[in-house]
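Trainee: Okay, here's what each chain looks like letter by letter:
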Amino acid sequence: MKTATKVIAIMKKDLLSWKRQPFQFFIAVIPLMIISLFVGVFLQQAEILPAGVILDDNDSMALEIKNQLITLESGTGLRWFQIDGDLTPEEVLEKYEDGSILGYIHIPSNITGRVNNNEIIEITTFIHNINDDITKNFLQRVELVCNNLNRNLALTTITYRSISLNFEASTTTDVSFTYYCIGAILALTVLLSSGVNMATSTASEFEFNTMKELIGGSSTAVIFAGKLLSTLSQTTICFVAVLIVEFLVFGFVPKGSPLLLIFLFGWGVINFSTLGFLFSARMKQVIPSAIAVLILNITGWWIGGGLVPPEVWSGNFLKVIGDIWPGTYFFRSFISIVVTGSVDLSLLIMDLMITGIFGLALWFVTIKVLVKEMTL
Amino acid sequence: MFTEVFAETSKSVKFVYRNKLLVVLALLPPIALSIIFIQAFTFTSGAGFPLAVVNYDTSNHNNWTSNLIKSLESEKGTIPYFKVTITSEQDALDLFNQRKTFAVLYIPSTFSQDIEEGEEVFLMAKINTIHEDISKNLRLGLEGRIYQFIITYQLEDGVRPGITVDSSLLYPEELKRADYMISGIFVVAMMWFGFGIGGFISTEEKQRETWKEIIMADQGTTHVKLGKILATLVISTGMMLIILLFEAVLYDLYFIELGQIIVFWTSFLLMVFIFGTIGVSWGLKIGDIRAVPAPAIIITLTFWMVGGAINPLEFSAGSEVFKLLPSAAVIRLLTTTFFNRGAEYIFESVFILLIWIMIATLSIIIPIVKERVSH
Chain A
1 MKTATKVIAI MKKDLLSWKR QPFQFFIAVI PLMIISLFVG VFLQQAEILP
51 AGVILDDNDS MALEIKNQLI TLESGTGLRW FQIDGDLTPE EVLEKYEDGS
101 ILGYIHIPSN ITGRVNNNEI IEITTFIHNI NDDITKNFLQ RVELVCNNLN
151 RNLALTTITY RSISLNFEAS TTTDVSFTYY CIGAILALTV LLSSGVNMAT
201 STASEFEFNT MKELIGGSST AVIFAGKLLS TLSQTTICFV AVLIVEFLVF
251 GFVPKGSPLL LIFLFGWGVI NFSTLGFLFS ARMKQVIPSA IAVLILNITG
301 WWIGGGLVPP EVWSGNFLKV IGDIWPGTYF FRSFISIVVT GSVDLSLLIM
351 DLMITGIFGL ALWFVTIKVL VKEMTL
Chain B
1 MFTEVFAETS KSVKFVYRNK LLVVLALLPP IALSIIFIQA FTFTSGAGFP
51 LAVVNYDTSN HNNWTSNLIK SLESEKGTIP YFKVTITSEQ DALDLFNQRK
101 TFAVLYIPST FSQDIEEGEE VFLMAKINTI HEDISKNLRL GLEGRIYQFI
151 ITYQLEDGVR PGITVDSSLL YPEELKRADY MISGIFVVAM MWFGFGIGGF
201 ISTEEKQRET WKEIIMADQG TTHVKLGKIL ATLVISTGMM LIILLFEAVL
251 YDLYFIELGQ IIVFWTSFLL MVFIFGTIGV SWGLKIGDIR AVPAPAIIIT
301 LTFWMVGGAI NPLEFSAGSE VFKLLPSAAV IRLLTTTFFN RGAEYIFESV
351 FILLIWIMIA TLSIIIPIVK ERVSH
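Protein chains in written order, with the working numbering: chain A, 1 to 376; chain B, 1 to 375.
Everything labelled a hint here was simulated from the structure, so no lab data went into it.
Backbone N, C-alpha and C define an ideal beta-carbon position, used for all residues, glycine too.
A hint or two may mislead.
[Claimed, not checked] Looking from chain A toward chain B, a few residues come up when the C-beta cut is under 7 Å (computed):
#1 Gly75
#2 Glu119
#3 Lys136
#4 Glu143
#5 Glu311
#6 Leu347
Kindly generate the complete structure, drawing on both the sequences and the hints.
Mentor: Below is the structure:
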């Protein structure tokens, strides 16, 4: 009972201190808002390519190709080309030359007749190849249109068929870049806010010279329990604040079981918040320790799946670094649940094990550091 | 006046020399960005996108199935290329669930027979759509491999007619996206050095409580400001040489043409002057070194992102506004200089940069005039 009272007292003290110094709340939340802004506004990738189409005649197959180019859709439901079908060839050329469109597709004349004559028809694309990614994106979309025609090429006397791909997607619609990143930002909120909150509350003890009284008045377990409870409370407030902003600005609503999300939230706080303690025990100042936690977590976020799942970097040394950082495994499961509503059980268990072992190791080191402070 | 300014410059350079941690702090962001971003975007240009294939067609009639697999493994045509693993259904699902592959392609047992007879064949592709970049690469990438199959084994072999695509590119040489981004990294370095170093060395006066002596001296503030801007230029030049060496080693990027050297170093001096002016003003005002990194990073990264760092500005939203930023102007100038892209924007970019130089210069001259008038 006495222990519980002491734990709650430490928690209350930290929360009051947090309330009196709103800077500590802002330093835990502002970086996340800024990253959200970057992602949502500046980094949103332009998947819709501005293009033009030039037809040499109104052949039925040529019109079909043009129609497909205009209406082609991605898995997120966006058009893959932005084409104004009413432009004249001269207007298309002008737009290409002044850079208003990325490229244009020139469809030759008499396609139907020539195909019925067993010819192979070439559609020519003219691309503003500012980099290889843009070139690839443009060409692939036109290749898709060619595939659509070739797999059911109906001629006068015969229909030629070929391979069609049926996609079974893991989600109802493809998860957009922004949506994925918001899920990643929420995952980052758990790790970053918990680390920063633990760092600021502990470093405050050193800055205000109250660490000795804290150590003298309570056992290690009580101190950590109190600090952890206050960190949990503070991180919850930060998480809710970020979630509200994501909902209001981007309309983001997390998927997945709320109980599982709460469990993962708590798991993340318990296993990663002690990083904040370690930094603050070393630096003994609020701002430098908070900044150190920020830098570590944000860098870990970039590498560990903040913008794109790190598995796509196979063969890349960034993948190696991402594999080493335990936060990567937390991000993987958390993002999957928040964004798609589900995660493979074996993957979840593996991620929990890795992050749990990391957390245990951190706690072990943290306790040793606190004991060392006690003996000083 | 020049004596005082040079004395201030010398003092600030010595300050950085004595506090070598500042050198590390100054070099860290551009190096980190260079490694993280350029390495991250390199993956799109290479081979190795994992694809699990479950092949039920053991008959392989007329080698159609083998030809399909060759097309999947081929490195012809558009990227990404796939690293194909032929495996059982259960193993494929395990790989998929553990995210060791993002796609599983199923070849039905009658594939080769149906293709031989001219029937439409449906291949099922199970794909992970957790990120639109991945799903785009998978959807279009697989269609690209099917396109290669149709071209190579059906059209070119004269089996049947069809439609193909040919490309005519505006620039003869392909520019990798990762290479394009290097211009942006240099611009980040210029802005960061200007704001960061300028800010760091300027906080010294208030932190060491020498600010009062400076204010009391005749035109003291002017001398300090000019001296610190000059020191920022000197120190940043040393830092930039280190960054250039780093990029040369890591990405084999170096330039020896006189035109490239002139454009690069002129852009460097102008950008460091602009952002150094901002950084020095901020540092002198705030007087706390801890308050420099955060705004410096925010401004640097924001200007970098919206200035066309990752994709060309003309194909991004808001380009009409963002092109007015100095970062956008210099990214365009460097891209033209190094990679011969976007020459049509040179005059516009130079004009925008000159406007910013004028603003920075006025921000120095106006307080000098005010100080002289008040004295």
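Trainee: Now tell me if each hint is right for this structure.
Mentor: Evaluation of the provided hints:
The beta carbon of Gly75(A) comes within 5 Å of a beta carbon in chain B, closer than 7 Å, and the hint placing it at the interface holds. For Glu119(A), the interface hint holds, since its Cβ comes within 7 Å of a Cβ in chain B; the closest pair sits about 6 Å apart. For Lys136(A), the suggested interface contact is upheld, since its CB lies about 5 Å from the closest CB of chain B, less than 7 Å. This hint holds: Glu143(A) has a C-beta 4 Å from the nearest C-beta of chain B, less than the 7 Å allowed.
Taking 7 Å as the C-beta contact cut-off toward chain B, the hint placing Glu311(A) at the interface holds, the least distance being around 5 Å. For Leu347(A), the interface hint holds, since its Cβ comes within 7 Å of a Cβ in chain B; the closest pair sits about 6 Å apart.
In terms of the numbered hints stated before, the structure departs from none.
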